[in-house]
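Participant: Each chain is listed here by its residues.
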Amino acid sequence: MESESYMSEAVSSQTTKRWTLRVLGEAGSNRRSVTIAYFFVLVLVAIGGALAPGFVKPQSLMQQLVLASILGVICIGQMAVILTGNIDLSVSWTMNLTSVIVTSITRGENQSVGEAIAIALLVAAAIGLFNGLGVAYLRLPSMVMTLGVNAMLQGVTLVLTGAQPKGNAPEVVRWLIVGRVAGIPVSVILWAILSIATIFVLSRTVFGRSLYAGGSNQIATYLSGIRMQRSLILAFVISAVCSGLGGILLCGYGGQSYLSMGETYQMPAIAAVVVGGTSILGGSGTYVGVIAGAIILVLLQNVLSLAHVKYAGQLIIYGIAILTMLFVYGRQSTDRE
Amino acid sequence: MTDVSNPKPKKKFSIMRYYRPLIAYAALILLLIIYRSLSPIVFRLPVLTAMFNQGMALAITSIAQTMVILTAGIDLSIGSIVTLSNCVAVTNMQPGVAPTLGVVVLVLLVGSLAGAINGFLVAFGRLPPIIVTLATASIFNGIALYVLPNPGGFVPEWYTNALTGRVFGVIPTALILLIVLFVFVWTPLKRSPLGQAIYAVGSSEASARMSGVNVRRTKLLTYTFAGTLCALAALFLTAQTASGDATQGGVYTLNSIAATVIGGTSFSGGVGGAAGTIAGAYVFAIIPNVLFAARVSPFMKELLQGAVLVVTISLGAARVFRVKNRLDIMK
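Residue numbers (the numbering used here), protein chains in the order written: chain E, 1 to 337; chain H, 1001 to 1331.
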């Protein structure tokens, strides 16, 4: 009874709702962490330049952006899910499955590439829908749900390909990575367009704001009359489609599909979102920061390779870097509950 | 007048209290029956021993994961601690008994230290466990690669035989270790003040703190002990594989989460325990054997393991449809 009266109060005052959302939005913008993230980008570029002068040439930096674009596109979806206080661990095999679908339908030819990409992205959307339905309606913990789905996708991919994926990436898919429009790589342009769309959706649409609201306080969001379940499902669908797109881009980058090609993107995607200043607990963060996060992770890896740090050392520094970024702005208060 | 709104808590034994772990055991028994019908030699001693050995490392790491999940945390570095401990073990082992036992102690210390680093960062650094352990996993893996750049190492034969064989030729050592672990480590721990604190912190951190539970100390000790258990699992794995490999072992992170959840431990913390987890681990470990016996393509392994995971957690979702007030499920 009591909860109902709260509800009618909340629903009746639309202005209160708007105001709440605006406040949540301001809390979410988190300028300080974004500034720090971009500062780290500059530091890494400077270190890279000091190690090898060729590193700071526009062409070399553009190559870094191409690599970052694959991670960045995946991060769009991962961020949407993390904002709601959930996580998507099915990135790696969603990427792999879409890539395999594209290469096996087209068999390296250009003629059916449009359909192949459409089918691959539809399959990805279906995966996201499945994840989202489980998390939103059955209220399954997203970590376990997506983990299980990831294992199932691995099985599906293995069965489909007989563990030997065939076919090369068609020219059109290769063009997404190596092609240039007005001197700028296509994938970077694609990433830029998607980034602007993401920033707009997250800050200016009801759906975008509902992601922040749901991640900050589920009960308050529900009582405000926001249909969180729809937003949750949409977030998971976006995440899977972004992973799928990332898989297609990676397929173009490598020129073919191979098994467990997405494995090296699951954890970096989460790390990039967090390094970009998004709270892993949900409710706050900006995509502007996540762009920096994706660039930082790619730069870090390449700068360490430039410095001839062994893979073992790279792993250690990678971990320490994430912890450092967390200490700079990720600490939670003792009384968080 | 009887107070209807606040009935006295019933002390009566209720089987419903244990239904989640029981589901895991039911699944395990069902799986064993299917396995037996496909391959009649299953319950012969050598096959049974091999089966116990196969699930052992996963069972121990899953108990570690269960402890952490009980505090409403998560440990994504479990696989890396296993890898690191495994590499430390194989690079230091000697043919003699005394030096090998020294190495065993060393490995347990390494695992505990790794766990303590996690615990320290989570409890005193006030950082979210998921991202802390993601970062430390990378660090531990890097250290493991420094310790053992190429797969190999030395493991004395007697060590392998002692851990993976049978005591008196009848009882698999793995079974004895598992029972010892459950009866003499887990059960006393669960009943100790620390064990109760683990459940309390997982149920409600704020309430636990206000009731005088030292939340930081509890978390620190939980992650540390989880690290110790990972080292123990690695010691068993070392005996089993008789070698070390810095690129393997990562599977235990995600599989231990799966086994914990199949075993009925709640992901939001405070509910569950090692009994169900052990069954969950063996369900997960035996699936490939059953598929092999059924002559199903080995590629179906992941598909089926994933499906088992999704179906088991969905069983726990029944409560969502019973609640009258939607707000109850959001807490």
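No wet-lab data here; the hints were simulated from the structure. Every residue gets a Cβ at the ideal spot worked out from N, C-alpha and C, and that includes glycine. There may be inaccurate statements among the hints.
Taking lysine to any residue and the SDA-like style, the derived pairs with C-alpha atoms no more than 20 Å apart in a straight line are [as the list claims (entries may be wrong)]:
1) H:Lys-1301 <-> H:Gln-1248
2) H:Lys-1301 <-> E:Val-159
3) E:Lys-166 <-> E:Ile-184
4) H:Lys-1301 <-> E:Leu-259
5) H:Lys-1301 <-> E:Gly-162
6) H:Lys-1301 <-> E:Thr-161
7) E:Lys-166 <-> H:Phe-1299
8) H:Lys-1301 <-> E:Val-288
9) E:Lys-310 <-> H:Lys-1301
10) E:Lys-166 <-> H:Pro-1149
11) E:Lys-310 <-> H:Phe-1299
12) H:Lys-1301 <-> E:Glu-263
13) E:Lys-310 <-> H:Pro-1151
14) H:Lys-1301 <-> E:Ala-46
Which residues of chain E face chain H? A few of them, derived with a C-beta cut under 7 Å, are [claimed, not checked]:
15) Ile-233
16) Leu-234
17) Tyr-318
18) Val-328
Participant: Taking 20 Å as the top limit, are the C-alpha atoms of Lys-166 (chain E) and Phe-1299 (chain H) close enough?
Facilitator: 17 Å, holds
Participant: Hinted pair, alpha-carbon criterion (20 Å max): Lys-310 (chain E), Pro-1151 (chain H). Please report holds or violated.
Facilitator: The given pair, whose Cα atoms are some 16 Å apart, holds under the 20 Å limit.
Participant: Go through the hint on Tyr-318 (chain E) and say holds or violated, using the shortest Cβ distance to chain H against 7 Å.
Facilitator: 5 Å, holds
Participant: Check whether the Cα positions of Lys-310 (chain E) and Phe-1299 (chain H) lie no farther apart than 20 Å.
Facilitator: Since the Cα atoms of Lys-310 (chain E) and Phe-1299 (chain H) sit roughly 34 Å apart, the hinted pair is violated (cutoff 20 Å).
Participant: Against the 20 Å threshold, does the CA-CA distance of Lys-1301 (chain H) and Leu-259 (chain E) hold or violate the hint?
Facilitator: Judged against 20 Å, a Cα distance of about 15 Å means the pair holds.
Participant: Between Lys-1301 (chain H) and Gly-162 (chain E), does the CA-CA distance stay at or below 20 Å?
Facilitator: 13 Å, holds
Participant: Hint check: Lys-1301 (chain H) vs Val-159 (chain E), CA-CA at most 20 Å. Holds or violated?
Facilitator: 10 Å, holds
Participant: For the pair supplied as a hint, Lys-1301 (chain H) and Thr-161 (chain E), is the alpha-carbon distance within the 20 Å limit?
Facilitator: Status holds; Cα separation ~15 Å.
Participant: Sort out whether Gln-1248 (chain H) lies within 20 Å of Lys-1301 (chain H), counting only the CA atoms.
Facilitator: It holds: about 18 Å lies between the C-alpha atoms, which stays within 20 Å.
Participant: Given the hinted pair Lys-166 (chain E) and Pro-1149 (chain H), is their alpha-carbon gap at most 20 Å?
Facilitator: Violated, because 32 Å separates the two Cα atoms, which is more than 20 Å.
Participant: For Lys-166 (chain E) and Ile-184 (chain E), compute the direct alpha-carbon distance and say whether it is at most 20 Å.
Facilitator: 31 Å, violated
Participant: Does Glu-263 (chain E) lie within 20 Å of Lys-1301 (chain H) when you go C-alpha to C-alpha?
Facilitator: 18 Å, holds
Hint compliance for this structure: hints 3, 8, 9, 10, 11, 14, 15, 16 and 18 are not met, and every other hint is.
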